[in-house]
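Asks: Mind the numbering: the sequence shown is residues 1 to 831 in the UniProt record's numbering, read in order.
Keep in mind the hints are simulated off the structure, nothing from the lab.
It is possible that some hints are incorrect.
What the hints assert, rightly or not - Derived SDA-like pairs (lysine to any residue); straight-line CA-CA distance at most 25 Å:
#, residue 1, residue 2
1, K627, L436
2, K761, K227
3, K201, K239
4, K32, S107
5, K725, N634
6, K495, V567
7, K94, D153
8, K227, G252
9, K31, D153
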Amino acid sequence: MNYKFNSKVIGLVLIGAVSVTSCGIKKVPVKKTPSSSIIFKYEDNLLLSGFPKYSKPWIVFADKEKAVVYPTKNFDQADKKANFIEPFIVLRKKGDMYKVAKYEPGSIVENKIDKGLLKGYGWLHKDDLLLWNESLKNEVNGFRLKGILAINDKDVIEKSQKYIQNDSVLIYKEPSLINKADIKLPINDIVYIYKFSDDSKNALIGGVSILEVDQPDSKLYGWIDTKILSLWGERTGFKIKPTKEDNKIQLGVESPEGTSFNSVINSSKVTEVNDLGHINALGYVKRDNDFEIRYLDNVLDYRENKVYNVLGRAIYYNAYREILANNRKLNLVFVIDGSRENFSSLAALRSVVQDFELQMSKQDYFDQVTFSATYYNVDREYQKEYVNLSRDYNELSNALDKRFFSNTRATSNLSLSEAINDVNHMLISNLDQTNLVVVLGNTLDQKDKLNQSALINNLARINSRVVFYQLKANRNDNYNDFVLFGERVIMESSKEVSKNKKQKLVNHEDVLQTNQFDLSQGEMGIYRLDYPNNSMNQGAIVFPRKGEENRPILLQNVIEKTLSDIVLDNQNIDSTLTNFFKSPIGVSHTKVKSEYLPWYKQDKTYVSTDIAMPLIDKDYSFIVKGKLKKQDSNDYQNIEYGVLLDDFELEQIRNYYLSIYANVFRNNTLTNRRLIRRYMSVVRDKSLLHKGVSRSFLRENPMHIGLFQSTGLYLPQADSLSSMKLNKWKRKKIMNPIMLQHYFRSFKDYADKIVADKGNKEVMFNHHGTSFYWLSYKYLPVLDYSTSKEYDNSFDILPVELEKIKAGQENKDVLQGNSKEYIERVKKGMP
Numbered sequence: 001m002n003y004k005f006n007s008k009v010i011g012l013v014l015i016g017a018v019s020v021t022s023c024g025i026k027k028v029p030v031k032k033t034p035s036s037s038i039i040f041k042y043e044d045n046l047l048l049s050g051f052p053k054y055s056k057p058w059i060v061f062a063d064k065e066k067a068v069v070y071p072t073k074n075f076d077q078a079d080k081k082a083n084f085i086e087p088f089i090v091l092r093k094k095g096d097m098y099k100v101a102k103y104e105p106g107s108i109v110e111n112k113i114d115k116g117l118l119k120g121y122g123w124l125h126k127d128d129l130l131l132w133n134e135s136l137k138n139e140v141n142g143f144r145l146k147g148i149l150a151i152n153d154k155d156v157i158e159k160s161q162k163y164i165q166n167d168s169v170l171i172y173k174e175p176s177l178i179n180k181a182d183i184k185l186p187i188n189d190i191v192y193i194y195k196f197s198d199d200s201k202n203a204l205i206g207g208v209s210i211l212e213v214d215q216p217d218s219k220l221y222g223w224i225d226t227k228i229l230s231l232w233g234e235r236t237g238f239k240i241k242p243t244k245e246d247n248k249i250q251l252g253v254e255s256p257e258g259t260s261f262n263s264v265i266n267s268s269k270v271t272e273v274n275d276l277g278h279i280n281a282l283g284y285v286k287r288d289n290d291f292e293i294r295y296l297d298n299v300l301d302y303r304e305n306k307v308y309n310v311l312g313r314a315i316y317y318n319a320y321r322e323i324l325a326n327n328r329k330l331n332l333v334f335v336i337d338g339s340r341e342n343f344s345s346l347a348a349l350r351s352v353v354q355d356f357e358l359q360m361s362k363q364d365y366f367d368q369v370t371f372s373a374t375y376y377n378v379d380r381e382y383q384k385e386y387v388n389l390s391r392d393y394n395e396l397s398n399a400l401d402k403r404f405f406s407n408t409r410a411t412s413n414l415s416l417s418e419a420i421n422d423v424n425h426m427l428i429s430n431l432d433q434t435n436l437v438v439v440l441g442n443t444l445d446q447k448d449k450l451n452q453s454a455l456i457n458n459l460a461r462i463n464s465r466v467v468f469y470q471l472k473a474n475r476n477d478n479y480n481d482f483v484l485f486g487e488r489v490i491m492e493s494s495k496e497v498s499k500n501k502k503q504k505l506v507n508h509e510d511v512l513q514t515n516q517f518d519l520s521q522g523e524m525g526i527y528r529l530d531y532p533n534n535s536m537n538q539g540a541i542v543f544p545r546k547g548e549e550n551r552p553i554l555l556q557n558v559i560e561k562t563l564s565d566i567v568l569d570n571q572n573i574d575s576t577l578t579n580f581f582k583s584p585i586g587v588s589h590t591k592v593k594s595e596y597l598p599w600y601k602q603d604k605t606y607v608s609t610d611i612a613m614p615l616i617d618k619d620y621s622f623i624v625k626g627k628l629k630k631q632d633s634n635d636y637q638n639i640e641y642g643v644l645l646d647d648f649e650l651e652q653i654r655n656y657y658l659s660i661y662a663n664v665f666r667n668n669t670l671t672n673r674r675l676i677r678r679y680m681s682v683v684r685d686k687s688l689l690h691k692g693v694s695r696s697f698l699r700e701n702p703m704h705i706g707l708f709q710s711t712g713l714y715l716p717q718a719d720s721l722s723s724m725k726l727n728k729w730k731r732k733k734i735m736n737p738i739m740l741q742h743y744f745r746s747f748k749d750y751a752d753k754i755v756a757d758k759g760n761k762e763v764m765f766n767h768h769g770t771s772f773y774w775l776s777y778k779y780l781p782v783l784d785y786s787t788s789k790e791y792d793n794s795f796d797i798l799p800v801e802l803e804k805i806k807a808g809q810e811n812k813d814v815l816q817g818n819s820k821e822y823i824e825r826v827k828k829g830m831p
């Protein structure tokens with residue numbers, strides 16, 4: 001039998017078979033996110049939605065607990081409820097309704113998903129959804145808003161239970177603020193804002209600026225009342241630097257009528273501490289076409305409050321704050337036997353001092369650490385050269401070098417008791433701070449033995465803990481006398497210091513009647529005061545065996561242990577005092593500071609203890625719109641402009657610098673015109689503005705203005721060449737090509753500097769467990785004339801010639817919305 005087969009039929013059968021076998025694993029593209037747009041106005045800020053710059057699979061989140069899920073888009077009877085922050089994939093949009101499918105972690109690969117997983121779950125209204133995964137941004141610059149859990153309304157003072165519970169800000173699972181979320185957030189925590197309720201009274205916040213749906217740590221917190229959520233700003237801000245002159249720079253509040261100014265922060269009293277409270281935000285206000293300054297403060301006045309110490313004497317609030325501040329200031333003084341026979345032993349101790357400096361740079365208790373050194377068994381003339389207290393470790397190191405390599409011999413020795421007298425004069429003005437004196441030597445002279453009581457009194461007068469370290473020992477009785485002398489000095493001075501310590505103690509359980517050494521490490525040559533079991537104080541003596549030299553590692557270990565115990569002691573005093581003040585008795589006489597009464601006036605003289613207690617140790621619990629006053633309007637030396645960044649933003653600026661460097665030098669054709677054109681292509685590609693930035697804007701503005709628009713870093717002063725429009729930099733007669741190349745190469749140097757300095761205390765600080773970074777304008781690339789001279793001698797006359805060139809002032813309308821006004825205001829100068 002002959003069979004004839006139709007080739008077309010066979011082909012169709014094969015195709016059908018393939019289709020059937022493959023339908024179970026078919027991948028389909030998912031719907032992509034739309035472009036970002038202006039969606040809301042809050043406090044005169046136009047806000048951009050949180051859609052990403054480049055489209056991604058569109059995943060949305062239920063923004064409330066038990067969000068209603070409808071079977072169709074027509075609001076039929078709901079048959080499902082969505083959980084708070086439950087993620088969904090958008091299948092379809094019809095008006096304000098969204099058809100969604102449940103999202104399974106890891107189900108989207110290369111923007112595609114198994115078709116079988118795209119089962120319709122239902123329809124949700126846009127009011128029940130967070131439609132984007134990034135926090136809101138300001139339209140004028142494209143930077144993300146930083147919110148802070150700080151009070152901005154007097155209702156929080158009057159009805160604190162609605163907002164704060166057990167020192168934590170209340171967070172809810174829906175905008176109605178009924179169902180509390182299982183999360184505790186501290187006052188003045190930095191958060192990111194994802195959505196506002198229609199009436200602006202509540203906001204949806206998170207702890208990260210981008211929600212990564214497959215990362216469990218990337219999550220929203222919930223809804224909060226905006227009376228305790230304030231806009232800190234985006235990133236640009238400034239610090240006031242310390243000045244010797246009073247009132248050089250002042251930050252404060254102006255009365256509502258504008259008739260009086262109350263100074264709150266004075267440059268003569270500020271300290272150089274890198275934390276959120278010392279950074280003042282700058283936010284652009286379109287209504288006034290000006291910058292608004294926001295600073296953090298506590299508007300409550302606690303000065304009339306007091307508690308009683310174990311001696312029955314009152315400790316007022318200001319004294320309590322001074323105790324806390326002084327406990328965090330450490331002064332370490334080395335008193336060294338500087339006789340020539342000790343030089344070899346002392347030189348080995350250099351590494352101990354060096355290690356101590358390294359340890360201090362890593363510790364997080366002391367706000368201020370100063371070093372000093374003085375000598376005994378040296379010529380009296382050398383007394384004039386002791387090291388004053390200094391925060392700079394190099395000063396101490398240089399002084400040690402100077403002594404160790406000296407060839408002078410003592411003709412009239414300075415005794416230990418005289419050296420301790422010098423220490424007394426050095427520390428007497430800091431006697432309430434944390435003082436530690438370390439004596440390094442071998443023997444005593446007769447004068448020291450006779451003046452033992454005076455020496456003890458000098459150490460007790462400055463409330464100093466004491467460590468004695470013997471460099472070496474032999475069988476001479478004088479070496480043994482040094483150890484016995486050290487024991488007596490430590491024991492007797494500790495008794496006096498413990499008496500003074502009682503002035504800070506409010507808990508009788510912290511008072512001990514004993515003052516004993518712990519001898520458990522005696523075989524190692526270490527006796528230390530038995531804190532906290534049998535001594536109220538810290539101190540130690542370290543000595544070697546007869547005929548041996550001591551080991552520097554023992555000194556290192558003893559200093560570390562002593563400091564560890566001191567920190568434990570100080571923290572106990574800090575927390576105990578705070579607990580007593582943080583009680584109804586300790587805050588019963590709290591009122592609003594007079595300068596803030598126009599905004600927070602209360603019916604009663606004293607505020608409720610319910611609000612006074614949680615805020616007593618929160619210096620930065622309120623946000624205030626302030627006014628800056630300068631004696632010299634052009635004083636930019638005492639103000640440091642910069643940006644406050646999180647990890648993502650820091651990496652963003654670093655990558656921006658690297659992109660500029662890589663694109664500008666992608667080949668060897670390096671004319672001015674080409675370098676600038678390549679730079680502008682990077683800026684336009686990386687722009688955070690929702691409508692982008694035009695070439696004409698970049699050409700018609702100076703380089704530092706373009707960089708400000710991209711990074712938020714503001715250059716307070718620029719020379720004539722830097723102030724020129726970028727367009728003029730194309731001309732070789734104006735901008736030397738070698739200088740321009742060096743300038744663009746510096747972008748990589750600054751990117752590397754950001755990485756290298758990331759862990760420095762001047763840059764990084766920890767705020768409630770999260771790392772933030774302060775980049776000053778010094779991380780902004782600038783023209784470097786001095787370096788350029790190395791390449792081309794023609795730069796010798798350049799700075800003088802530049803002053804003869806006048807930059808044009810004309811500007812074109814090149815930005816959309818409020819962005820243009822924002823940049824034009826920046827060009828007039830910051831506050």
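Asks: Hint by hint, where does the structure go against what was stated? Just the numbers, ascending.
Replies: 1, 2, 3, 7 and 9
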